[in-house]
Amino acid sequence: MPLPLNLQEVFARWPATVTPLSAPPELWSRITIAHRTRSRRRRALQVLGSASVVLVMAAIAVGMQAWRAHDPASQARINWQARAQALELQLDTLPLPPSDASAAVQTQSELARVDGYLQAAYDRGGAADEIGPLWQRRSELLDALLALRRQQNSSTRT
Amino acid sequence: MSENATGFARDIDAAVLVRAQHGDMQAFAELYRVYGRACWQLALRLLGERQAAEDLVQEAFLKMMGTIRSYRGDAPFGAWLKRLTANACIDQLRRQRHVAVVDAEAMFAQTATTQAVPHEILDAAVLLAHLPARARAIVVLHELEGYTHAELAAWFGQSESYSKSILSRALARLHDIVDNAEPSSPQVTACPSR
Numbered sequence: 001m002p003l004p005l006n007l008q009e010v011f012a013r014w015p016a017t018v019t020p021l022s023a024p025p026e027l028w029s030r031i032t033i034a035h036r037t038r039s040r041r042r043r044a045l046q047v048l049g050s051a052s053v054v055l056v057m058a059a060i061a062v063g064m065q066a067w068r069a070h071d072p073a074s075q076a077r078i079n080w081q082a083r084a085q086a087l088e089l090q091l092d093t094l095p096l097p098p099s100d101a102s103a104a105v106q107t108q109s110e111l112a113r114v115d116g117y118l119q120a121a122y123d124r125g126g127a128a129d130e131i132g133p134l135w136q137r138r139s140e141l142l143d144a145l146l147a148l149r150r151q152q153n154s155s156t157r158t
Numbered sequence: 001m002s003e004n005a006t007g008f009a010r011d012i013d014a015a016v017l018v019r020a021q022h023g024d025m026q027a028f029a030e031l032y033r034v035y036g037r038a039c040w041q042l043a044l045r046l047l048g049e050r051q052a053a054e055d056l057v058q059e060a061f062l063k064m065m066g067t068i069r070s071y072r073g074d075a076p077f078g079a080w081l082k083r084l085t086a087n088a089c090i091d092q093l094r095r096q097r098h099v100a101v102v103d104a105e106a107m108f109a110q111t112a113t114t115q116a117v118p119h120e121i122l123d124a125a126v127l128l129a130h131l132p133a134r135a136r137a138i139v140v141l142h143e144l145e146g147y148t149h150a151e152l153a154a155w156f157g158q159s160e161s162y163s164k165s166i167l168s169r170a171l172a173r174l175h176d177i178v179d180n181a182e183p184s185s186p187q188v189t190a191c192p193s194r
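Each protein sequence line maps, in turn, to chains A and B.
When we follow the numbering used here, the leftmost residue of the first sequence carries the number 1, and every step to the right adds one.
When we follow the numbering used here, the leftmost residue of the second sequence carries the number 1, and every step to the right adds one.
Note that these hints are calculated values from the structure, not bench results.
Any given hint could be a false lead.
Claimed, not checked - For the chain A half of the interface with chain B, some residues (derived, Cβ under 7 Å), not all of them:
# : residue
1 : L7
2 : V10
3 : R13
4 : L27
5 : V62
6 : W80
Claimed, not checked - Just a sample of chain B residues kept apart from chain A, beta carbon distances all over 12 Å, derived:
#  : residue
7  : I12
8  : F28
9  : A75
10 : T148
11 : S159
Claimed, not checked - Derived lysine to aspartate or glutamate pairs resembling EDC-like cross-links, with alpha carbons at most 20 Å apart:
#  : chain 1 : residue 1 : chain 2 : residue 2
12 : B       : K63       : B       : D91
13 : B       : K164      : B       : D176
14 : B       : K63       : B       : D74
15 : B       : K164      : B       : E143
16 : B       : K63       : A       : E9
17 : B       : K164      : A       : E9
The beta carbon of each residue, even a glycine, is placed where N, CA and C say it ideally should be.
Work out the full structure, taking the sequences as your base and the hints as a guide.
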């Protein structure tokens with residue numbers, strides 16, 4: 001007898017009665033239970049993941065605060081430096097008076113001196129506790145100079 | 001839904017797919033009602049064991065539920081699900097190292113040649129269970145599910161001639177089994193799942 005050319009011919013010669021291939025009736029409920037379990041697990045992992053992120057961020061924030069609290073020089077340097085830069089911008093917006101008052105001249109020369117100290121400190125790789133007070137002094141001088149300029153400008157207009 | 005089509009060839013209402021893509025469990029239940037049996041048949045024929053087929057169908061449906069959002073409708077949904085199921089079956093056979101043997105001689109030698117087949121309750125899956133796993137997969141995917149030798153070659157990382165050779169040997173093996181079985185009433189239907 002020649003070999004069958006395809007599976008249908010083999011099946012046609014198969015001497016058994018074929019029982020219909022049906023999936024077990026409980027299979028769908030098994031699938032839905034597994035789906036629900038996995039979804040719950042996935043949601044729990046998501047919540048856990050989000051909580052972990054929040055916890056890590058909170059820990060970092062607390063750590064940063066603690067670090068800042070223990071490093072006042074660094075905190076001061078950052079604040080005074082930013083403040084000095086902001087004051088300098090404000091000063092630039094004011095019109096220059098025809099002639100500076102002597103107080104303004106004194107302030108400007110001290111400002112130049114502080115700038116020199118700052119430059120030297122940075123060149124030396126100075127520590128925060130050296131640089132911080134210089135930025136603070138620079139900020140105070142700029143504050144004073146700003147007040148003097150405003151006063152001069154208002155008296156010039158009147 | 002087309003009335004005449006069977007198995008994976010059955011159509012599904014687009015609205016059901018949209019609802020399924022939004023995670024609607026009733027839509028998933030409808031997909032199972034339409035395609036569950038075809039998935040089960042394919043898994044049973046490829047894996048040859050009822051328990052393994054049940055586990056596989058469960059995994060395939062869970063995977064489908066998780067990835068249905070990526071279904072874009074380029075192919076009919078049944079074909080998409082069939083490929084997903086067949087992929088899952090072949091992955092399972094790979095994990096169990098059933099498809100590790102590449103040499104055709106060695107593969108067929110590993111499975112006893114012609115065994116006495118019990119006649120009480122038989123179906124196509126029982127007949128196919130007499131084949132080595134890779135040969136069974138090639139027979140089912142080519143003869144029942146309509147995949148080409150080129151597709152099977154790509155699936156198994158072999159040449160087309162290798163796939164043809166395995167198919168020919170597998171059909172010869174089945175032919176021997178049928179010859180050795182006791183004759184009785186031949187009321188067999190192949191129950192193709194497509």
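Hints, one by one, checked against the model:
The beta carbon of L7 (chain A) is positioned within 7 Å of a beta carbon in chain B (closest approach about 4 Å), and the interface hint is therefore held. Hint status for V10 (chain A): holds, given a least beta-carbon distance of 5 Å to chain B, under 7 Å. Restraint check, R13 (chain A) versus chain B: the minimum CB separation of about 5 Å is within 7 Å; hint holds. Below 7 Å, beta-carbon pairs count as interface contacts, and L27 (chain A) has one with chain B at about 6 Å; its hint therefore holds.
Proximity of V62 (chain A) to chain B is violated relative to the hint, the smallest CB-CB distance being about 38 Å (cut-off 7 Å). Taking 7 Å as the C-beta cut-off, the interface hint given for W80 (chain A) is violated, the closest approach to chain B being about 55 Å. No Cβ of chain A comes within 12 Å of the Cβ of I12 (chain B); the nearest lies about 16 Å off, and the non-interface call holds. The Cβ of F28 (chain B) sits about 8 Å from the closest Cβ of chain A, inside the 12 Å cut-off, so the non-interface label is violated.
No Cβ of chain A comes within 12 Å of the Cβ of A75 (chain B); the nearest lies about 23 Å off, and the non-interface call holds. Residue-level check passed: T148 (chain B) sits 14 Å from the nearest beta carbon of chain A, beyond 12 Å. The Cβ of S159 (chain B) lies farther than 12 Å from every Cβ of chain A, with a closest approach of about 21 Å, so its non-interface assignment holds. Of the pairs offered as hints, the one joining K63 (chain B) and D91 (chain B) holds, with about 13 Å between alpha carbons and a cut-off of 20 Å not exceeded.
Between K164 (chain B) and D176 (chain B), the direct Cα distance comes to roughly 19 Å. Compliance with the 20 Å bound is thereby established for this hinted pair. Between K63 (chain B) and D74 (chain B) the CA atoms are separated by roughly 19 Å; this keeps the pair inside 20 Å, and the hint holds. For the hint pairing K164 (chain B) with E143 (chain B), the CA-to-CA distance comes to about 11 Å; that is within 20 Å, so the pair holds. Between K63 (chain B) and E9 (chain A), the direct Cα distance comes to roughly 35 Å. Violation of the 20 Å bound is thereby established for this hinted pair.
Restraint check: the Cα-Cα separation between K164 (chain B) and E9 (chain A) comes to about 17 Å, which is no more than 20 Å; the hinted pair holds.
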